[in-house]
Amino acid sequence: MHSVWQRLKSDHYGMGGLLVVALFALATLTVWTGLFGQGWAEVSGNSWESTSAAHWFGTNLLGQDIFQRTLFGAATAFEVGLVVTGFSTLLGAILGGLSGWYSKGWVDEIILWIKGVLDSIPFYLFAAAVAFALQGRPWAMHLAMIVTFWTTTARIVRGEVIRIRQQEFIEAARAIGLSQLTILFRHVLPNTVHILLVQATIVFVAAIKTEVILSFLGLGIQDGVSWGLMLAESSQEVLAGHFGNFIAASAALFLLLMGFNLLADALQDATDTRGAMT
Amino acid sequence: MSAPVLEIANLSIWLDTTTGRRQVVDNISFSIEAGDTTGLVGESGCGKTMTALAILGLLPASNTHMRCSFIKVKGRDMLGLDGQQRRQVLGHDIAMVFQQPGTALDPVFTIGQQISSVYRRHIGGSRESANRATLKSLEQTGFDHPEEIVRTYPHQLSGGMKQLAMIAMASICHPAVLIADEPTTALDNTTQALIIKQLQRLRTAHGTAILLISHDLAVIRSLCREVLVMYCGRLLEKTDCTRLFSTPRHPYSAGLISCIPIISPQRPGSINTIPGQVPVSTDLPTGCHFSPRCDRTVDRCQQSVPQFETDGDHQVACFRPLP
Chain F
1 MHSVWQRLKS DHYGMGGLLV VALFALATLT VWTGLFGQGW AEVSGNSWES
51 TSAAHWFGTN LLGQDIFQRT LFGAATAFEV GLVVTGFSTL LGAILGGLSG
101 WYSKGWVDEI ILWIKGVLDS IPFYLFAAAV AFALQGRPWA MHLAMIVTFW
151 TTTARIVRGE VIRIRQQEFI EAARAIGLSQ LTILFRHVLP NTVHILLVQA
201 TIVFVAAIKT EVILSFLGLG IQDGVSWGLM LAESSQEVLA GHFGNFIAAS
251 AALFLLLMGF NLLADALQDA TDTRGAMT
Chain E
1 MSAPVLEIAN LSIWLDTTTG RRQVVDNISF SIEAGDTTGL VGESGCGKTM
51 TALAILGLLP ASNTHMRCSF IKVKGRDMLG LDGQQRRQVL GHDIAMVFQQ
101 PGTALDPVFT IGQQISSVYR RHIGGSRESA NRATLKSLEQ TGFDHPEEIV
151 RTYPHQLSGG MKQLAMIAMA SICHPAVLIA DEPTTALDNT TQALIIKQLQ
201 RLRTAHGTAI LLISHDLAVI RSLCREVLVM YCGRLLEKTD CTRLFSTPRH
251 PYSAGLISCI PIISPQRPGS INTIPGQVPV STDLPTGCHF SPRCDRTVDR
301 CQQSVPQFET DGDHQVACFR PLP
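Top line first, the protein sequences correspond to chains F and E. Here the first sequence stands for residues 1 to 278, numbered as in the numbering used here. Here the second sequence stands for residues 1 to 323, numbered as in the numbering used here.
There may be inaccurate statements among the hints.
Taking CB as the label site, the calculated pair distances span [as the list claims (entries may be wrong)]:
id: 1; chain 1: F; residue 1: SER250; chain 2: E; residue 2: PRO60; range: 51 to 57 Å
id: 2; chain 1: E; residue 1: GLY75; chain 2: F; residue 2: GLN180; range: 25 to 31 Å
id: 3; chain 1: E; residue 1: LYS136; chain 2: F; residue 2: ASP119; range: 52 to 58 Å
id: 4; chain 1: F; residue 1: GLY116; chain 2: E; residue 2: PRO279; range: 52 to 58 Å
Pulled from the structure, derived: some chain F residues nowhere near chain E, Cβ distances all over 10 Å [as the list claims (entries may be wrong)]:
id: 5; residue: TRP5
id: 6; residue: ARG7
id: 7; residue: ASP11
id: 8; residue: ALA22
id: 9; residue: LEU82
id: 10; residue: VAL83
id: 11; residue: TRP113
id: 12; residue: ALA133
id: 13; residue: GLY136
id: 14; residue: PRO138
id: 15; residue: SER179
id: 16; residue: ASN191
id: 17; residue: GLY241
id: 18; residue: PHE243
id: 19; residue: SER250
id: 20; residue: PHE254
Derived from the structure by calculation, the hints contain no laboratory data. Where a beta carbon is used, it is the ideal one built from N, C-alpha and C, also for glycine.
Working from the sequences, and respecting the hints, build out all of it.
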């Protein structure tokens with residue numbers, strides 16, 4: 001892990017990405033701790049005010065402050081990203097690990113089958129179905145993403161576990177009397193951490209993007225502000241010549257996704273030790 | 001003479017491959033007493049490692065089949081144990097040192113974590129007592145600064161140090177039996193000497209019985225009291241180490257010994273070889289497997305399998321042994 005950080009540090013694009021992500025994370029923290037962004041729902045001005053000292057990004061139709069709403073949108077994006085990434089990575093690691101460890105056995109067959117079924121359903125249709133089935137529940141969107149996003153992680157972990165399984169230290173672990181599951185969770189899965197880390201950044205990006213799209217479609221965030229909701233509002237406003245919501249939400253989304261992608265790329269390079277270490 | 005701590009009777013192993021089932025170990029039996037070292041010599045692929053894995057019960061169940069009368073460790077038959085009972089024996093009463101020290105340690109844990117986890121698994125007790133035992137084991141294995149070694153990761157150590165750490169790990173519970181599968185093959189000569197010294201120490205200090213698997217006769221000679229010569233899954237000769245090197249009776253053993261390169265200024269570049277090649281196990285010759293390469297072959301060798309002559313310490317499976 002130490003050498004991964006060293007390699008990451010020498011990657012300027014990656015560090016730039018990390019900086020952007022860190023800034024957004026900081027903004028999120030200020031919202032969560034109650035410092036900023038609390039006035040996202042307040043009507044604090046007139047309709048469609050332009051930028052001013054009081055309203056940095058102007059106001060929307062209802063006279064709500066767009067800057068505060070953008071900030072709160074960042075917190076929403078992070079919350080969805082963290083929850084979805086956390087649970088889907090955990091699920092992917094455990095199911096992928098079991099699937100690889102018992103590959104070609106019945107456990108593997110069942111997991112592969114579930115994976116195949118989930119992967120064959122068009123995602124937005126699935127998300128819409130889940131949102132409809134769990135109407136009004138704020139975590140319906142999270143659930144839809146977790147249930148579909150773990151499959152990619154599981155596929156990658158499965159392949160890696162099959163590779164690791166053949167290494168001598170696994171045989172050595174058997175020779176000191178460890179049980180199958182102990183070996184899987186204590187010696188095999190910890191060796192996939194670098195892959196999980198990279199995959200987690202990719203899932204994070206996908207989760208944020210998907211949250212915005214689902215919210216735009218009205219299937220996402222119900223009680224709060226999301227960049228997706230801001231974009232949905234702006235689809236009317238842009239026609240009337242008011243670009244505040246549109247620019248703020250898309251610029252914020254673009255910056256965060258760009259930063260995350262740069263970071264994910266750099267992480268991938270930094271953890272790719274094939275050939276470097278023997 | 002003390003009681004044997006490892007006894008194997010009539011072990012046979014078959015391996016399923018894409019080309020069908022083939023026998024890789026054919027009816028071998030031997031035993032080792034406490035504090036004794038037995039060498040198992042043979043060319044690559046002759047079934048040495050399969051034998052070791054079978055003793056530990058680690059043969060992959062999916063593509064191997066085993067038949068055996070018994071495998072007794074300290075008088076207890078491993079074949080009669082269920083999974084959990086067997087796992088309590090592994091690492092505690094019988095331990096293994098592997099061929100590739102580079103890959104036999106988990107890369108994401110420190111040496112200390114890995115060694116102490118064996119202690120905690122089998123002996124139990126507090127974290128501190130496990131750490132103390134780890135430091136002691138490393139120190140006895142010849143590390144000058146064990147408190148630094150416990151904090152290092154495998155990739156920070158050289159191959160020799162990794163192998164010494166493996167020995168410290170294998171010996172932390174003072175096992176009655178240690179199986180060392182080509183422990184020095186991947187290492188240079190000076191490191192080999194260190195490893196051999198440590199194995200000797202285990203034998204004298206804790207009375208550990210060692211099964212040393214190797215194709216390196218020099219290593220065998222420096223460590224073993226008894227030697228088993230294996231060829232294509234069968235034992236060909238079983239005898240005292242000194243006697244094997246002075247008067248080998250099986251033509252294969254004699255051939256192996258004559259193949260040891262001698263460092264001699266008088267005869268540079270002279271290396272003996274045994275004519276022919278090891279037959280593939282799908283296509284073994286009938287009778288004695290060594291007969292096609294042997295210069296003493298008679299018709300009988302190709303027709304029936306020579307059995308061990310049972311009397312005496314020097315056992316050989318050959319119809320026309322050397323005098």
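Hint check results:
1. F:SER250 - E:PRO60: 51 to 57 Å: Once the Cβ atoms are compared, 55 Å apart, the range 51 to 57 Å for PRO60 of chain E and SER250 of chain F holds.
2. E:GLY75 - F:GLN180: 25 to 31 Å: 28 Å, holds
3. E:LYS136 - F:ASP119: 52 to 58 Å: 53 Å, holds
4. F:GLY116 - E:PRO279: 52 to 58 Å: 45 Å, violated
5. TRP5: 15 Å, holds
6. ARG7: 15 Å, holds
7. ASP11: With a cut-off of 10 Å, ASP11 of chain F remains clear of chain E, as the shortest Cβ separation is near 22 Å.
8. ALA22: With a cut-off of 10 Å, ALA22 of chain F remains clear of chain E, as the shortest Cβ separation is near 27 Å.
9. LEU82: 24 Å, holds
10. VAL83: The claim holds: VAL83 of chain F sits with its nearest Cβ about 27 Å from chain E, beyond 10 Å.
11. TRP113: TRP113 of chain F is indeed farther than 10 Å from all Cβ atoms of chain E, at 21 Å.
12. ALA133: The claim holds: ALA133 of chain F sits with its nearest Cβ about 41 Å from chain E, beyond 10 Å.
13. GLY136: Consistent with the label, GLY136 of chain F stays out of reach of chain E, its closest Cβ about 44 Å off (over 10 Å).
14. PRO138: With a cut-off of 10 Å, PRO138 of chain F remains clear of chain E, as the shortest Cβ separation is near 38 Å.
15. SER179: 6 Å, violated
16. ASN191: 6 Å, violated
17. GLY241: Given that every Cβ of chain E is farther than 10 Å from that of GLY241 of chain F, nearest at about 58 Å, it holds.
18. PHE243: 51 Å, holds
19. SER250: Given a closest Cβ separation of 41 Å, the condition holds.
20. PHE254: Given a closest Cβ separation of 37 Å, the condition holds.
Comparing the model with each earlier hint shows violations of hints 4, 15, 16; every other hint is respected.
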